[in-house]
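Enquirer: With the hints as extra help, turn the sequences into a complete structure.
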Amino acid sequence: MSSSHSKVRIVENSNELYEYSKNVRLPHKPVPVTSHAAKLYEEANLIIDIPFDLSSSLGLDYPASCPNLLSGYMHISPNDLFKQDGVVSYTSLCLYVIRDHNTTNIFDEGQVNWLKSDLLVIPYQTQPLEHFAHDDTALYYVHDGPLLKYLQVKSSEKCFLTTIFREKVLKTKVENI
Numbered sequence: 002m003s004s005s006h007s008k009v010r011i012v013e014n015s016n017e018l019y020e021y022s023k024n025v026r027l028p029h030k031p032v033p034v035t036s037h038a039a040k041l042y043e044e045a046n047l048i049i050d051i052p053f054d055l056s057s058s059l060g061l062d063y064p065a066s067c068p069n070l071l072s073g074y075m076h077i078s079p080n081d082l083f084k085q086d087g088v089v090s091y092t093s094l095c096l097y098v099i100r101d102h103n104t105t106n107i108f109d110e111g112q113v114n115w116l117k118s119d120l121l122v123i124p125y126q127t128q129p130l131e132h133f134a135h136d137d138t139a140l141y142y143v144h145d146g147p148l149l150k151y152l153q154v155k156s157s158e159k160c161f162l163t164t165i166f167r168e169k170v171l172k173t174k175v176e177n178i
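Quick note: the sequence shown uses our numbering, first residue 2, plus one each step.
Quick caveat, the hints were computed from the structure, so don't treat them as lab data. Hints should not be assumed to be uniformly reliable.
[Unchecked claim] Distance ranges between label pairs, derived from CB positions: (1) 108 x 16: 44 to 54 Å; (2) 178 x 57: 28 to 38 Å; (3) 31 x 110: 36 to 46 Å; (4) 38 x 167: 22 to 32 Å; (5) 164 x 128: 13 to 23 Å; (6) 152 x 128: 18 to 28 Å; (7) 34 x 174: 23 to 33 Å; (8) 38 x 86: 23 to 33 Å; (9) 49 x 118: 19 to 29 Å.
Ideal placement from N, C-alpha and C gives every residue a C-beta, glycine not left out.
Expert: Set out below in structure tokens:
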């Protein structure tokens, strides 16, 4: 049977069928064993974003900690504001509060107050996040920006509400594992 579709690929060889769970991993070089020491944010005396960028070891041309994620630390000095611009570069951002309690201004949601050991999960944003530190602050972050770069796509809408998991809830869940 022939097809008259010039822009449609027709598969007629079973060797071209792939089972999804065995082929879902992005092609990449092995992720090297290394560390991103806490002293990087502890010794910082400025507002600073300290990505755990292994892109050169992974053979990627964009920042990445592994093929589909970028993690790192943020240090914000007392009474400073840090604008985190993730517009269209990730679908979600996880922030774990290592030290202090402060506020993040989210463009269409207002101010979100967070405490030490909270986990914030923030969806795609159309404006930069503004983190304000009352005291010396350290955050750990993870987002899926590298996956979007690999797929050559951009976020376009929020799929969930900003969520804060409080320390007590996180500890209870971990203790019950």
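Enquirer: All hints are to be evaluated individually against the structure, with a verdict given for each.
Expert: Outcome of the hint check:
Residue 108 and residue 16 have their C-beta atoms about 49 Å apart, which keeps the hinted 44 to 54 Å range intact. For the hinted restraint 28 to 38 Å between residue 178 and residue 57, the CB-CB distance of approximately 35 Å keeps it satisfied. Taking the beta carbon of each, residue 31 and residue 110 are about 39 Å apart, inside 36 to 46 Å as hinted. At about 27 Å, the CB distance of residue 38 to residue 167 agrees with the hint of 22 to 32 Å.
As the Cβ distance of residue 164 to residue 128 is approximately 19 Å, the hint placing it in 13 to 23 Å holds. Take residue 152 and residue 128: their Cβ atoms lie about 23 Å apart, and the range 18 to 28 Å holds. Checked against the given bound of 23 to 33 Å, the beta carbons of residue 34 and residue 174, roughly 28 Å apart, stay inside it. The hinted window of 23 to 33 Å between residue 38 and residue 86 holds, with their beta carbons roughly 26 Å apart.
For the pair residue 49 and residue 118, the beta carbons lie near 21 Å from each other, so the given range of 19 to 29 Å is met.
Comparing the model with each numbered hint stated earlier shows that all of them hold.
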